[in-house]
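Undergrad: Next come the chains, spelled out residue by residue.
2 protein chains.
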Amino acid sequence: MRLSKLYTKTRRDAPKDETAKNAQLLIKAGYIHKDAAGVYLWLPLGRIVLNKIIQIIRDEMDALGYQEVMMSSLQRKELWETTDRWDDDKVDIWFKTKYKNGKEAGLAWSHEEQMVDMMRQFISSYKDLPVGVYQFQNKLRNEIRAKSGIMRTREFIMKDLYSFCRDQEQHDSFYNDVKEAYLRIFERVGLGDSTYFTFASGGPFAEFSHEFQTVTEAGEDIIYVDKSKRIAINQEVLRDDVLNNLGVKREDLEEVKASEVGNIFSFGTSKSEPFGLKFTDEDGKEKFVTMGSYGIGPARVMGVIVEHFADERGLVWPKGIAPADVHIVRIGDTPEVVAAADKLYADLQAAGKQVIYDDRNERAGQMFADADLIGVPHRVTVSAKTIEQGSVEYKARTGSDSKLVKTDEAVKTLTKA
Amino acid sequence: MRLSKLYTKTRRDAPKDETAKNAQLLIKAGYIHKDAAGVYLWLPLGRIVLNKIIQIIRDEMDALGYQEVMMSSLQRKELWETTDRWDDDKVDIWFKTKYKNGKEAGLAWSHEEQMVDMMRQFISSYKDLPVGVYQFQNKLRNEIRAKSGIMRTREFIMKDLYSFCRDQEQHDSFYNDVKEAYLRIFERVGLGDSTYFTFASGGPFAEFSHEFQTVTEAGEDIIYVDKSKRIAINQEVLRDDVLNNLGVKREDLEEVKASEVGNIFSFGTSKSEPFGLKFTDEDGKEKFVTMGSYGIGPARVMGVIVEHFADERGLVWPKGIAPADVHIVRIGDTPEVVAAADKLYADLQAAGKQVIYDDRNERAGQMFADADLIGVPHRVTVSAKTIEQGSVEYKARTGSDSKLVKTDEAVKTLTKA
Chain G
37 MRLSKLYTKT
47 RRDAPKDETA
57 KNAQLLIKAG
67 YIHKDAAGVY
77 LWLPLGRIVL
87 NKIIQIIRDE
97 MDALGYQEVM
107 MSSLQRKELW
117 ETTDRWDDDK
127 VDIWFKTKYK
137 NGKEAGLAWS
147 HEEQMVDMMR
157 QFISSYKDLP
167 VGVYQFQNKL
177 RNEIRAKSGI
187 MRTREFIMKD
197 LYSFCRDQEQ
207 HDSFYNDVKE
217 AYLRIFERVG
227 LGDSTYFTFA
237 SGGPFAEFSH
247 EFQTVTEAGE
257 DIIYVDKSKR
267 IAINQEVLRD
277 DVLNNLGVKR
287 EDLEEVKASE
297 VGNIFSFGTS
307 KSEPFGLKFT
317 DEDGKEKFVT
327 MGSYGIGPAR
337 VMGVIVEHFA
347 DERGLVWPKG
357 IAPADVHIVR
367 IGDTPEVVAA
377 ADKLYADLQA
387 AGKQVIYDDR
397 NERAGQMFAD
407 ADLIGVPHRV
417 TVSAKTIEQG
427 SVEYKARTGS
437 DSKLVKTDEA
447 VKTLTKA
Chain F
37 MRLSKLYTKT
47 RRDAPKDETA
57 KNAQLLIKAG
67 YIHKDAAGVY
77 LWLPLGRIVL
87 NKIIQIIRDE
97 MDALGYQEVM
107 MSSLQRKELW
117 ETTDRWDDDK
127 VDIWFKTKYK
137 NGKEAGLAWS
147 HEEQMVDMMR
157 QFISSYKDLP
167 VGVYQFQNKL
177 RNEIRAKSGI
187 MRTREFIMKD
197 LYSFCRDQEQ
207 HDSFYNDVKE
217 AYLRIFERVG
227 LGDSTYFTFA
237 SGGPFAEFSH
247 EFQTVTEAGE
257 DIIYVDKSKR
267 IAINQEVLRD
277 DVLNNLGVKR
287 EDLEEVKASE
297 VGNIFSFGTS
307 KSEPFGLKFT
317 DEDGKEKFVT
327 MGSYGIGPAR
337 VMGVIVEHFA
347 DERGLVWPKG
357 IAPADVHIVR
367 IGDTPEVVAA
377 ADKLYADLQA
387 AGKQVIYDDR
397 NERAGQMFAD
407 ADLIGVPHRV
417 TVSAKTIEQG
427 SVEYKARTGS
437 DSKLVKTDEA
447 VKTLTKA
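Chains as they are written, first to last, in our numbering: chain G, 37 to 453; chain F, 37 to 453.
A few of these clues could be false.
Where chain G lies over chain F, by a calculated footprint (3+ residues, C-beta under 8 Å) [what the hints assert, rightly or not]:
hint: 1; segment: 72 to 80
hint: 2; segment: 102 to 108
hint: 3; segment: 173 to 186
Heads up, simulated DSBU-like pairs for lysine-lysine below, C-alpha to C-alpha not over 35 Å straight-line [as the list claims (entries may be wrong)]:
hint: 4; chain 1: F; residue 1: Lys-183; chain 2: G; residue 2: Lys-175
hint: 5; chain 1: G; residue 1: Lys-57; chain 2: F; residue 2: Lys-136
hint: 6; chain 1: F; residue 1: Lys-88; chain 2: F; residue 2: Lys-379
hint: 7; chain 1: F; residue 1: Lys-314; chain 2: F; residue 2: Lys-64
hint: 8; chain 1: F; residue 1: Lys-57; chain 2: F; residue 2: Lys-136
hint: 9; chain 1: G; residue 1: Lys-442; chain 2: G; residue 2: Lys-45
hint: 10; chain 1: G; residue 1: Lys-113; chain 2: G; residue 2: Lys-45
hint: 11; chain 1: F; residue 1: Lys-88; chain 2: G; residue 2: Lys-113
hint: 12; chain 1: G; residue 1: Lys-57; chain 2: G; residue 2: Lys-175
hint: 13; chain 1: F; residue 1: Lys-134; chain 2: G; residue 2: Lys-113
hint: 14; chain 1: F; residue 1: Lys-175; chain 2: F; residue 2: Lys-126
hint: 15; chain 1: F; residue 1: Lys-64; chain 2: G; residue 2: Lys-175
hint: 16; chain 1: F; residue 1: Lys-45; chain 2: G; residue 2: Lys-113
hint: 17; chain 1: F; residue 1: Lys-45; chain 2: G; residue 2: Lys-136
hint: 18; chain 1: G; residue 1: Lys-379; chain 2: G; residue 2: Lys-355
hint: 19; chain 1: G; residue 1: Lys-134; chain 2: F; residue 2: Lys-183
hint: 20; chain 1: G; residue 1: Lys-163; chain 2: F; residue 2: Lys-52
hint: 21; chain 1: F; residue 1: Lys-163; chain 2: F; residue 2: Lys-134
hint: 22; chain 1: G; residue 1: Lys-64; chain 2: G; residue 2: Lys-355
hint: 23; chain 1: G; residue 1: Lys-355; chain 2: G; residue 2: Lys-442
hint: 24; chain 1: F; residue 1: Lys-136; chain 2: G; residue 2: Lys-175
hint: 25; chain 1: F; residue 1: Lys-215; chain 2: F; residue 2: Lys-163
hint: 26; chain 1: G; residue 1: Lys-132; chain 2: F; residue 2: Lys-136
hint: 27; chain 1: G; residue 1: Lys-52; chain 2: F; residue 2: Lys-134
Covered, in the sense of this in silico footprint (three residues per stretch, anywhere, with C-beta under 8 Å from a C-beta of chain F), are these stretches of chain G [stated by the list, open to error]:
hint: 28; segment: 161 to 173
hint: 29; segment: 244 to 250
Everything labelled a hint here was simulated from the structure, so no lab data went into it.
Beta carbons: idealized from backbone N, C-alpha and C, even for Gly.
Take these sequences, add in the hints, and give me the full structure.
TA: What follows is the structure, encoded as structure tokens:
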């Protein structure tokens, strides 16, 4: 990607009404555009990163044989009345609208009800179970305040997976598979070391629900972490009986700030009963399906990554989700410099690398500042001075020093990076 | 994909209230689920086909250097008041909703206004032009009636591209590039032969707008086609002056039924003026940006393909967008048959083919009927009888006869198919 062709530009300041660090940086670096409070548009660089996170999640879902669908924003009132979640008194984040004939419709903030209703057509026997169905779908949530940048918005894409099992045992095994997949996902997006499987209150249907919490100074939650056991407990369930149950000692727990990056719930039959979602078991008896739901918000994950890794110079992306592998800065526009930088760009691409190429011929200081702001892991500079020495100047985004490296060697090393 | 694992099932009948042939077939074959009038959910097979169409479109957009973004469903009232398109009297397909503070918001049926507003941040000089920005985005349209299946729904994904140019000349060249890309897209999805570049009324800002119309018996439009010139004219502009202008003779025109599959518009400066979207030209003067917009609805295209190719036995997919390349039917479940079919499945996948494998051990008649209904181009049957002869039975979806083919040869031929 040549920066001279990219239509977005970096900017010195974020809008004054933007208070979240993640959104400020992403706006300045040209990843997102703020349209309204809690409504952001995804610019080319932002869409690439968001999409890489989405692809990692999809990959892990597909590997377990879960099947991808796409549901709708428009929601039928009847479906949500079935579970008594239509009233604004019961659910306070609805956006609602009306058809031309005056009939009300909701705009999906979740898809559980529609999913259960749809599955009635396809589940009839124990042979149909277990099954996992997921989607990446727009959610609209009428939040009173939206102030955490892309971490809590009024409109966002959510990966929601639903599981349908014949009994608790089958459900527990499914649930555990998803838990392991989630840990792999957080590993792959660069949050593995700092993300903990966290016990939270289960609500009416289960002793616990589980969150995935990333320990980070920017976190808005407080959790209690047992680092050696890699378990965390949130404030709601920090009780002696729970600690005993989990075999965790209070003195091993560390209080830390954290951000929720995923959650998984067991529903039992609380969703299948109101909709009559049943199956015939091997014994010939009709039973209700045991369900679970498993969410990850890719934009929220991206926001946490920004907050967690960014430094005073700008964004810092883990390599699995960076918008490119290498950022080439070309200083000067003499034929020799242009030819050398063009060749490096072509060679790295030919080796399968994604490359941002700053061919704008701006001041060196401006281009270095932009490279830091954009946050690609590896920066390579080509100038008359480096060419004289048959070299390029290499700097890691997280390093403080740059060094001269022979050009061939640099290509070889970056190709393996 | 093993059919025993696919959670959807074929069904004998579509819902009684479904009158469109495309939706009837897609529901029966398990591609879509009808949630409400004009609201369909995309099941795994449907999502695969829709996604292949989307990828072909994306491919052609990226090849021309257009840049992908993702905008929002929530729309600010102010933006649409700027162009006097907020009132329901002016635009009769709005869905509207309200924020918690009582402020109104629209749900996007188009994104022109938001796009122009966003581009004000990034366009300032003639050097920034031309630029093409596109997205695949959910559109919500409050249609009074929805009766054409997935061809006209209340909620659907649309590819919308917008062009920003410095003058009419630059715009004309951009417009022509998109026209050529659209023709390649329709070629690649299997509609090349029957799709015509069609002259339609231009509205207030241009002499013509252009549609891409697919000639098909199921079409809801009437157009007039000059087959040798590969040009069509719609009823609105079938006038002598237009025919003269285009060098087309009335006697060469054939009246045919057709379905619109894409459209492209020139806006001139009618969109940039109300928003003040200007740039500084080489001569130092401020000028308004010349714009165009270019739409394709992937689901609409898919609906037209269904209507155009389906036969009395079910769906018939062109090879570029079929949910799989090959559909294996396994008759029987003796170890020999299972081993032979499993091996064929593995070999074809290893050769890079996408395969639907009917391993359900249903009655042969049921499995053949399902294969026809699902509509994959190539069907291969493995049974005790075919194994005896070292062969498989091959049938093309569009052919009437099946034939025995040596297994090795079948794999070789299908790998190249």
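Undergrad: Decide, hint by hint, whether the structure agrees.
TA: Hint-by-hint comparison with the structure:
no., hint, in the structure
1, 72 to 80, "holds (count 7)"
2, 102 to 108, "holds (count 6)"
3, 173 to 186, "holds (count 5)"
4, Lys-183/F x Lys-175/G, "holds, 27 Å"
5, Lys-57/G x Lys-136/F, "holds, 25 Å"
6, Lys-88/F x Lys-379/F, "holds, 27 Å"
7, Lys-314/F x Lys-64/F, "violated, 52 Å"
8, Lys-57/F x Lys-136/F, "violated, 42 Å"
9, Lys-442/G x Lys-45/G, "holds, 31 Å"
10, Lys-113/G x Lys-45/G, "violated, 44 Å"
11, Lys-88/F x Lys-113/G, "holds, 33 Å"
12, Lys-57/G x Lys-175/G, "holds, 23 Å"
13, Lys-134/F x Lys-113/G, "holds, 17 Å"
14, Lys-175/F x Lys-126/F, "holds, 18 Å"
15, Lys-64/F x Lys-175/G, "holds, 29 Å"
16, Lys-45/F x Lys-113/G, "holds, 27 Å"
17, Lys-45/F x Lys-136/G, "holds, 34 Å"
18, Lys-379/G x Lys-355/G, "holds, 23 Å"
19, Lys-134/G x Lys-183/F, "holds, 19 Å"
20, Lys-163/G x Lys-52/F, "holds, 28 Å"
21, Lys-163/F x Lys-134/F, "violated, 40 Å"
22, Lys-64/G x Lys-355/G, "holds, 21 Å"
23, Lys-355/G x Lys-442/G, "holds, 23 Å"
24, Lys-136/F x Lys-175/G, "holds, 16 Å"
25, Lys-215/F x Lys-163/F, "holds, 24 Å"
26, Lys-132/G x Lys-136/F, "holds, 11 Å"
27, Lys-52/G x Lys-134/F, "holds, 25 Å"
28, 161 to 173, "holds (count 3)"
29, 244 to 250, "violated (count 0)"
When the structure is compared with the earlier hints, violations turn up for hints 7, 8, 10, 21, 29 and for no others.
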